[in-house]
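A.B. asks: Build the complex from these two chains, which are given one at a time in their own frames, with help from the hints.
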Amino acid sequence: MIETQGLTRRFGERTAVDDLTFEVKDGEVFGLLGPNGAGKTTTVRMLAGLIRATGGTARVGGFEVGSPEGAQHVREIAGVVPDNVGLYEPLSAYRNLDFFGRLYGCQEPRRGENIRRLLGQLGLWEERDRPVATYSKGMKQKIAIARALVHEPKVLFLDEPTANLDPEASLAVRELLLEVRKEGRTVLLNTHNLDEARRICDRIGILKTRLVALGTPEMLSGTVHGRRTAIRLEAVTPAVLEAVRALAPREVRAEGDRLLLDLADPAAETPGIVAAIARAGGRIREVTEESASLEEVYLKYVREGR
Amino acid sequence: MRLEKVRAIAGKDLAVLRRRPNLLVSLLLFPIVVGIGLPLILDITVSRHHTTFASLLPLTDAFGFFFLILVVVLTTTLAAYAIVGEKVERSLEPLLATPTTDGEILLGKTLGAFLPPLGATYLGLGLFMALVDAFSRASLGYYLYPDATIAVFAGLGAPLAGLFSVEINVIVSSWAADVRSAQQFGSLVILPFIALYVAGEIGLVTLDTNAVLVVAGVLAILDLVLFFVSRGLFRREEILTRWR
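Residue numbers (the working numbering), protein chains in the order written: chain A, 1 to 306; chain B, 1 to 244.
Don't read these hints as lab results, they were simulated from the structure.
All values reported here derive from a predicted model rather than from experimental measurement.
Using N, Cα and C, we set each Cβ at its ideal position, and we do this for glycine too.
You may find that some hints are simply not true.
As the list claims (entries may be wrong) - Here chain B is said to cover these stretches of chain A; the calculated rule only asks that three of the stretch's residues, wherever they fall, bring their Cβ under 8 Å from a Cβ of chain B: (1) 88-96; (2) 184-195.
To be verified - Label pairs and their in silico Cβ distance ranges: (3) A/13 x B/210: 55 to 65 Å; (4) B/229 x A/64: 24 to 34 Å; (5) A/19 x B/225: 23 to 33 Å.
As the list claims (entries may be wrong) - For the chain A half of the interface with chain B, some residues (derived, Cβ under 8 Å), not all of them: (6) 11; (7) 14; (8) 51; (9) 72; (10) 75; (11) 80; (12) 147; (13) 219; (14) 288.
Chain B with its partners taken away, still in its complex shape (with noise of 0.2 Å):
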């Protein structure tokens, strides 16, 4: 594995999403919109309900446990362009021809399609924190944020998380044929994620930071199974003879 090679192609794709004003504004609203919008909830509801902060203070470990749905979500929409983006653009060929490895390709792919939504994903948690912090802290008498949950969540939820939906999406690639259907397939990665958040909503389990890690640890495994699940599924002779 040639680390400059990999750094090539992750830098490469970043450089194309920079310019894709469009995709780089998808990427970033949402995480903006649930950033800000999260906090005035909690406020809105405080003020209009004439709550305390400190009653509310589950719900904001279950907001938090939203932001590692969100950067599900977030990849899913750059892992799909990937490596099927490539096909459709008609890139891919000349990819292929260069004396780059099957796994230098989808390292690179990966972190390309990661990278991003992650850090994304740090800015909706960041303005996340910020905004609760200033609407909760007269009440509270303390800063709530930043927490050993959400440090969990940051820390290794998120980019764990990342990257579960990447190589879930590097696989879809494998086999789908357009952007469409592997962004469609490769959708169904979050399901997992929202059974979860509704556990944790009903009460089934309690999304605290223990959870967080255990998470983290199941998804550490399975993240290190799929790359070479993926690396064996990746196979450069159908994608260049049986894509269309």
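So here's chain A without its partners, still in its complex pose (with noise of 0.2 Å):
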């Protein structure tokens, strides 16, 4: 459904977006996570035909965003929720979502229908005459999603559609976005958040200006330490630890009453470590396999920056 190479973004003298190079399948939800200033906005309006690339290409539902009759294309099949959700606020949620949907040339009586299932879904039908400027950020930001749904597009950009939201509205646009999943359009969704990410995302991509790192939250979580083995003692004793660093696992860290090992095949490895600790007087409470948050692999990659 998406799909850059080499997409490029300068202004100027500086570089927003450099050689971005990713695919995003049909119903897939994919994630950008990065920095302010990473360029995720920047891709975003790249892709939704709302400014131009200066280098690469990228297509969207098969169409060439790069020319006016692709980017036009694109924006017939795409709905878009900018960083901020720019509702016209002295008119109701009904009457901004009809204008929207007259743009996007939903006709009636498709429209309407449309209208009174999103706002049925986000709990808003009985608000729907209230001027938007009554609503509260989190009812804002959920019609903003419903206004770039409201034409049924085939991919969904959003852009930090959390942000500045306290934690109640974020959890509410959250449950709206897992709704769209399930509904299995196509989702590129640029956040700060990465538990929202992992709950939510298929596949990450780590932009800080380039793309610098890129798979699903799990294969990500694999590349900082490999899948890391926590052992839990009654205590851990200096001949435990030297039982354990004889056996030769890459890493070995004692945290309270805890062990952490960095191991290359957990499956093949741990019995043996098992038995070395219970040789060694250690008495052992819980094993348990443990692969890295995706904090630390976006701190990771952002701090390498490569």
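C.D. replies: Here it is in structure tokens:
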């Protein structure tokens, strides 16, 4: 559904997005993670046909976004939720959605049915005639998402949809995104929120002007320190530590009553290590396998910027 | 050009205006004050200076031209909001993300900024004509309005002047960064009309029906040229990336 090849955007001397190559399959939820100024918004704007690339190519739904005609087609099949809701505050939620439905060419009665369904899903049907100015931030963000969905787009671009929302409003928006995911739409989600990315996205790209990492959350976790085995003991004694180190795992670290081991092949190595700990007098309470958190992955790649 | 999209954009701008009482009041107040004030000035002049309405007839043509200036002034206020206002309120990006062409956006915005001031001007002009007729009927022995000059003012001059003002303001909006500077630069559009009014008052030109027809012809050509110029200057990308 989305393909980019060496996509680049420069503003004068400054390069906002550099040589971006990735693919998002039909029905996939793809997250772009990155710090402020990493080029996430510029990427969404290029893919949504709002601004042109200065290098490389991108296709969305088979349309070349670099050409004016292609960009026009992309705008027909895509919905965009910008980083600022940008609703017409004096108008009601219904009027806002109806206006955008018209601009997207969604005819009646489909337009009215879609608005009713979306406002119903969001729990805002009863509030539909109230001016948007009287809504809470979370309600406005929901309306902004509904606005992007009113014409049943094939692709949805979301730029920081939960930024500046309180936890309750963020949760409501995340639940809505999970609903969108169930509907099988292709979604490109820009976010700072690592937990949100982990829960919603099938794959994640970490962007720092260039794409520095790409994969499923699990794959990316594995790239930081492999799979880590955690063994909780009654007490970590020097004898236990020595016995484990003698088996030469890549890394052995004691944290309170836990031993953290970086193993190349946990399934093969763990039984021998457990036996060695028992022989050294260690009393094991729990053995678990841990992978790196998405936060660790993010920080590693963003700091290294490789 | 898809007219249903043009109508949607103009309709939305009109709906927003209806829900902004301050803007609506400022739009209506000036024409009402002018529409009532000018006939009162004429009436007071007649009664205080013991003159007749017939001797003030040249003044009524000049007052008619005043409404041409009025529509330009009122349009400037709304037109500055048309593009820059959307940017300031962050609603322009979702609008530009729709499959709407530059021409459709500009025409919709032009109509949305042009129709309310024109309606308000007609309201003022209606009041002006009704009151002048009421004050002058007994003295003149006939109804002064409507006459050919005012018909040309209302039917051609005012709409074309309003469009001229909107298009100049849309062009200004394509590079102005905020509503205030857009209004300041856009308001300069009034200068040629003031110059023409002053020229009429000091006798350099006669602001009769023929003069207004010539002005309307020039405005019609300028309006057409300016629409294409504004379309050429409307750069979505710069609006999104340069404006802060």
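A.B. asks: Each hint: holds or not?
C.D. replies: The hints, checked one at a time:
1. Given a C-beta distance limit of less than 8 Å, the hint that chain B covers the stretch 88-96 of chain A holds, as 5 residues qualify and 3 suffice.
2. By the rule of at least three residues with a Cβ nearer than 8 Å to a Cβ of chain B, the coverage given for the stretch 184-195 of chain A is violated, with 0 such residues.
3. The supplied range of 55 to 65 Å is met by residue 13 of chain A and residue 210 of chain B, whose beta-carbon atoms lie about 58 Å from each other.
4. Look at residue 229 of chain B against residue 64 of chain A: about 29 Å separates their beta carbons, and that is inside 24 to 34 Å.
5. Between residue 19 of chain A and residue 225 of chain B the C-beta distance comes to about 43 Å, which lies outside the given range of 23 to 33 Å.
6. Because the closest C-beta pair between residue 11 of chain A and chain B is about 7 Å apart, less than 8 Å, the hint holds.
7. Hint status for residue 14 of chain A: violated, given a least beta-carbon distance of 11 Å to chain B, over 8 Å.
8. Interface hint status for residue 51 of chain A: upheld, as the beta-carbon distance to the closest one in chain B is roughly 5 Å, under 8 Å.
9. Annotation: interface hint on residue 72 of chain A holds; nearest CB of chain B at approximately 6 Å, less than 8 Å.
10. About 4 Å separates the beta-carbon of residue 75 of chain A from the nearest beta-carbon of chain B, less than 8 Å, and the hint is met.
11. Restraint check, residue 80 of chain A versus chain B: the minimum CB separation of about 4 Å is within 8 Å; hint holds.
12. Annotation: interface hint on residue 147 of chain A holds; nearest CB of chain B at approximately 7 Å, less than 8 Å.
13. For residue 219 of chain A, the interface hint is violated, the least distance from its beta-carbon to any beta-carbon of chain B being 32 Å, above 8 Å.
14. A cut of 8 Å between beta carbons decides the hint on residue 288 of chain A: the least distance to chain B is about 46 Å, and the hint is violated.
Hints 2, 5, 7, 13 and 14 from the list above are not met by this structure, while the remaining hints are.
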